[in-house]
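As given, the protein sequences belong to chains A and B, one line each in that order. Using my numbering, read the first sequence as starting at 1 and increasing by one per residue. Using my numbering, read the second sequence as starting at 1 and increasing by one per residue.
Think of the hints as simulated: they come from the structure by calculation, not from any bench. Be aware that one or more of the hints could be misleading.
[Said to hold, decoys possible] If the Cβ cut is set under 8 Å, some of the chain A residues that face chain B in the computed set are:
1) G30
2) P102
3) G116
4) P118
5) F120
6) Y121
7) P129
8) G133
9) E148
10) S149
11) V151
12) K218
13) S220
14) R228
15) R231
No residue lacks a Cβ here, since even glycine has one placed at the ideal position from N, Cα and C.
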Amino acid sequence: MAGFDKRVGSYEEAMDGLESGMTVIAGGFGLCGIPENLIGEIKRRGVKDLTIYSNNCGVDGFGLGLLLEDRQISRIYASYVGENALFEQQMLNDEIEVVLTPQGTLAEKMRAGGAGIPAFYTATGYGTPIGDGKEVREFNGRHYILEESVVGDFAIVKGWKADRYGNIVYRDTAQNFNPLAATAGKITVVEVEEIVEPGELKPDQIHTPGIYVDRVIKGSFEKRIEKRTVREG
Amino acid sequence: MALTREQMAQRVARELEDGFYVNLGIGIPTLVANYVPEGIDVMLQSENGLLGMGRFPTEAEVDPDMINAGKQTVTARDGAAIFSSAESFAMIRGGHVDLTVLGAFEVDQNGNIASWMIPGKLIKGMGGAMDLVAGAENIICTMTHASKHGESKLLEQCNLPLTGAGCINRVLTDLAYLEIKDGAFHLVERAPGVSVEEIVEKTAGKLVVPDHVPEMTFEA
């Protein structure tokens with residue numbers, strides 16, 4: 001790597017420095033736009049006691065569900081989980097701590113964390129168990145709770161195309177949490193389907209500017225579909 | 001006769017207005033998209049970052065990168081926009097969505113809603129529901145009026161953990177269409193062939209009943 005060239009040569013290099021006990025922020029919604037191979041590398045490394053921020057936790061045998069198999073996740077902040085039998089089992093046996101977090105709050109925690117905003121007020125969750133123990137303040141006659149933002153040791157992101165400088169473009173709804181995660185890692189690693197030369201991506205069409213990105217790697221992706229719904233046609 | 005899911009969706013669809021941006025929750029709310037009245041256009045917002053959700057794709061059109069909030073494959077209509085989850089919840093929390101339709105386990109006379117958790121049974125999470133009820137002024141809750149055993153779900157006070165407090169003012173059940181204001185349910189319409197008595201019996205919360213409660217009508 002020289003200058004702004006963020007390319008790394010292997011997935012091992014991509015996740016260099018990952019240690020047990022770290023916090024990892026992951027892009028993806030369900031199985032859409034998940035950093036499949038970076039997750040695979042985390043599994044391969046066998047690091048444990050991870051804290052994960054991700055909207056979901058994959059399914060049995062795919063996505064973040066893979067990291068449950070060797071009990072690598074000790075805590076997860078997510079908005080919807082339990083699509084995997086293994087997850088439910090570990091949750092029931094208190095082997096994994098689950099901090100259920102409203103989806104918008106989770107997104108904003110990542111966005112704000114990357115943006116240098118340490119905490120924010122939101123009406124979401126006020127008056128529900130989510131608001132328990134959190135500071136409350138009133139603005140314009142309405143109650144809001146204080147939520148803290150997050151910056152992880154690593155952020156793992158799936159993009160569609162990146163240039164060598166780490167400028168990223170996402171494809172369709174595979175975008176979701178990825179741009180936010182990209183800003184919220186001390187080390188941000190992006191895997192993409194294609195790496196292009198600087199100048200090939202139009203500056204005004206870049207979703208994530210390369211300033212947030214530390215490592216870029218090209219990979220191939222299974223892109224599993226969770227619910228294949230079709231119409232006649 | 002209690003409304004079918006399809007009839008509930010049809011009745012909710014009558015609340016759509018031309019030019020509305022609408023978020024439809026999973027379950028019965030998604031069916032509302034099939035009954036958009038003739039001559040009006042609405043844009044469906046999907047919380048995973050899509051404004052302008054289209055129909056389900058054909059086999060040939062299926063694309064793993066194009067899904068809705070329920071993780072189903074979809075298409076994007078012409079004029080759609082795609083954006084990040086932070087952007088999606090900015091438009092939700094910022095009150096930019098004109099109508100939100102979502103299901104519930106319980107609603108109470110103060111407009112509290114419980115829809116995400118049954119302690120000991122269902123603890124999968126709330127997804128975007130808490131943001132949706134916190135960010136919207138115009139919310140319609142769809143639900144069955146009572147459980148299979150006849151226990152009311154329209155209560156004085158929700159028993160289950162809340163999704164939001166004091167945020168629901170319209171409810172469409174399989175028996176009736178009601179409003180919530182001033183600490184009570186107000187009966188507005190009843191399902192065809194359903195008596196006011198049955199509705200009163202199955203509503204545990206405070207219920208205000210006008211002299212005349214019209215029946216909903218549906219085309220065959």
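Do the hints match the structure? See the list:
no. : hint : result
1   : G30  : holds, 4 Å
2   : P102 : holds, 4 Å
3   : G116 : violated, 15 Å
4   : P118 : violated, 16 Å
5   : F120 : violated, 11 Å
6   : Y121 : violated, 11 Å
7   : P129 : holds, 5 Å
8   : G133 : violated, 15 Å
9   : E148 : violated, 16 Å
10  : S149 : violated, 11 Å
11  : V151 : violated, 15 Å
12  : K218 : violated, 17 Å
13  : S220 : violated, 13 Å
14  : R228 : holds, 6 Å
15  : R231 : holds, 4 Å
Figure legend: structure checked against the earlier numbered hints; hints not met, in rising order: 3, 4, 5, 6, 8, 9, 10, 11, 12 and 13.
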